[in-house]
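Since chain A is already given, all that's left is putting chain B on it; use the hints.
Here is how the chains run, residue by residue.
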Amino acid sequence: MKQEAGSILTDQIIVKRVLDGDTRAYALLIKKTEGLVAGIILRLVRDKSDHSDLAQDIYIKVYRNLKNFRFGSKLSTWIGQIAYNSCYNYLDKKKRDVLRAPESFDVMMHSPETVSDRSESDQEKQMIREELTEALRLEIEALPPLYGLLITLYHYEELSCAEIAEITGMPEGTVKSYLFRARKMLKEKMWVYYKDGI
Amino acid sequence: MKNLHWSEEELQQYVTGEMTPDDLQEYHLQHCQHCRAMVGYYGMLFSEIRNLPGDTFEEDISGLVMDRIAAGSVSHIKARIWEGAFLALICVAAGVLIWFVGSTFASLAGVFTSAVRDMWLPAMLGILAWTVPQMYTEYKKKLEMMTSDAAPATRLHHGGLI
Chain A
990 MKQEAGSILT
1000 DQIIVKRVLD
1010 GDTRAYALLI
1020 KKTEGLVAGI
1030 ILRLVRDKSD
1040 HSDLAQDIYI
1050 KVYRNLKNFR
1060 FGSKLSTWIG
1070 QIAYNSCYNY
1080 LDKKKRDVLR
1090 APESFDVMMH
1100 SPETVSDRSE
1110 SDQEKQMIRE
1120 ELTEALRLEI
1130 EALPPLYGLL
1140 ITLYHYEELS
1150 CAEIAEITGM
1160 PEGTVKSYLF
1170 RARKMLKEKM
1180 WVYYKDGI
Chain B
68 MKNLHWSEEE
78 LQQYVTGEMT
88 PDDLQEYHLQ
98 HCQHCRAMVG
108 YYGMLFSEIR
118 NLPGDTFEED
128 ISGLVMDRIA
138 AGSVSHIKAR
148 IWEGAFLALI
158 CVAAGVLIWF
168 VGSTFASLAG
178 VFTSAVRDMW
188 LPAMLGILAW
198 TVPQMYTEYK
208 KKLEMMTSDA
218 APATRLHHGG
228 LI
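Residue numbers (the working numbering), protein chains in the order written: chain A, 990 to 1187; chain B, 68 to 229.
The reader is advised that the hints may include incorrect statements.
Okay, derived cross-link-like pairs now, DSS-like style, lysine-lysine, Cα gap no bigger than 25 Å in a straight line [claimed, not checked]:
| no. | chain 1 | residue 1 | chain 2 | residue 2 |
| --- | --- | --- | --- | --- |
| 1 | A | Lys1165 | A | Lys1178 |
| 2 | A | Lys1165 | A | Lys1063 |
| 3 | A | Lys1056 | A | Lys1020 |
| 4 | A | Lys1050 | A | Lys1037 |
| 5 | A | Lys1050 | B | Lys145 |
| 6 | A | Lys1083 | B | Lys145 |
Computed from the model, here is a short list of chain A residues facing chain B with C-beta under 8 Å [to be verified]:
| no. | residue |
| --- | --- |
| 7 | Gly1024 |
| 8 | Gln1045 |
| 9 | Tyr1048 |
| 10 | Tyr1052 |
| 11 | Leu1127 |
The following residues of chain A were derived to be distant from chain B, with all beta-carbon distances above 10 Å [as the list claims (entries may be wrong)]:
| no. | residue |
| --- | --- |
| 12 | Asp1000 |
| 13 | Gln1001 |
| 14 | Glu1023 |
| 15 | Asp1036 |
| 16 | Gln1112 |
| 17 | Met1179 |
| 18 | Val1181 |
Keep in mind the hints are simulated off the structure, nothing from the lab.
Just so you know, even glycine gets a beta-carbon here, dropped at the ideal spot from N, CA and C.
The shape of chain B in the complex, shown without the other chains:
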């Protein structure tokens, strides 16, 4: 009987349901107090693990993450606003340059220059009228969403964790 004791692997696999014992093993289990005790012990151990209190964080991770995402979105919107302002500045500078060239070299630039000079202000106003409301709407939408409520890295060698 002693030589037929179940191995550790068999005991574990039996308790986790990964092994079905053959007749000989079944017979041994029925008549061997040691193996039955081991099966019972493993069963109790696994059941105790299942009933352990769950792992939790001390902080409200969900809240902290949502705050960080919201902060990231706001900074993204701010960046968009700065981009828009920079674009507007370039347009103004270009307009001033055209106006300067037009007034200084009017005789050389002729009709084309004066047409451009007359067009730059309406064009600038048009661009601003198009972009500013859009940015504002997006900003409001995101802000509303954020305040309403509360890739995998490269696989690494794991040997160091044992």
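Chain A on its own, in the form it takes in the complex:
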């Protein structure tokens, strides 16, 4: 994982300090795990206006339940699990359409200009790169929410399938199977941008 809330030893020190009333340690914990929580919320919840409230609720829940954490897993995995379940509860409660793709993605897909049409001066190469990055980000967002989440957790947060299984509550085999389909889907979607470069 990129954000090393990682080692059990560090986890224990942080938890002890927070339980002793050190609020700065909790602020540090939030900073360390914010990327993971943001990744989960942003992939699963499309409505941006709810992201902040949801993140706050997750961290309040973590704070209240920290005394019950028994170090059976990494602290970040446990927080990820709370974030995932909170998002699912939120979606279940609001009954949002989680399959809806963001509008910006539609605009991107209907843009008449493709990356391969561009000439290759250094400045334009940089622009192409930025566009590819943006296209990749949008394509991941446009994947079915769970697929997008699995791609983010595995390839960006660099979690193992076992850790993802722990966060999502799915069997490890199911995680692998969904991850395979997610990669294949993303590969096909991104092919239009990359095919001329290969």
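Below, chain B without anything else, positioned relative to chain A:
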């Protein structure tokens, strides 16, 4: 050669390092432009994902959460103060009742009642002298801590997210 193309699963597992190809697969990869291109494409795709800018919130989540925790602690302390005040009120009421009973039925209550009547005020003062400084110290400690700087839910069926 065409029939020996690597499957999607093999391509993905090879790029993520979850599979070691056997000799036949290795030979095919060396001589098949299509499979090499696919391996290269997957590799590039995964590398691009790793290099994406990190997910962040627009707001300062850490600050907002710490404010909420501080607000929760202050309200908890306020609740403790109200509890203390309520307890003191009950003690006063009990004292008044004892005094009333003692003065009205002095002849029946006798020595015991008068002893209680004489004791209630010192007892009340003792309780207040013990609890108020304690509550104040705790309040100051928490306030100082908050201003110094800035369980898992039930597992649910997840099929709906796909």
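Hint-by-hint comparison with the structure:
1. Lys1165(A) <-> Lys1178(A): Satisfied, since the Cα-Cα distance of roughly 20 Å is no more than 25 Å.
2. Lys1165(A) <-> Lys1063(A): OK: Lys1165(A) and Lys1063(A) at ~21 Å, within 25 Å.
3. Lys1056(A) <-> Lys1020(A): holds (20 Å)
4. Lys1050(A) <-> Lys1037(A): holds (21 Å)
5. Lys1050(A) <-> Lys145(B): holds (22 Å)
6. Lys1083(A) <-> Lys145(B): violated (34 Å)
7. Gly1024: This hint holds: Gly1024(A) lies near chain B, its Cβ roughly 5 Å from the closest one there, short of 8 Å.
8. Gln1045: Holds. Min distance 5 Å.
9. Tyr1048: Holds, because the Cβ-Cβ distance from Tyr1048(A) to chain B comes to roughly 4 Å (cut-off 8 Å).
10. Tyr1052: holds (6 Å)
11. Leu1127: violated (11 Å)
12. Asp1000: Consistent with the label, Asp1000(A) stays out of reach of chain B, its closest Cβ about 16 Å off (over 10 Å).
13. Gln1001: holds (18 Å)
14. Glu1023: violated (6 Å)
15. Asp1036: holds (13 Å)
16. Gln1112: Non-interface label stands for Gln1112(A): nearest chain B Cβ at 20 Å, farther than 10 Å.
17. Met1179: violated (6 Å)
18. Val1181: holds (12 Å)
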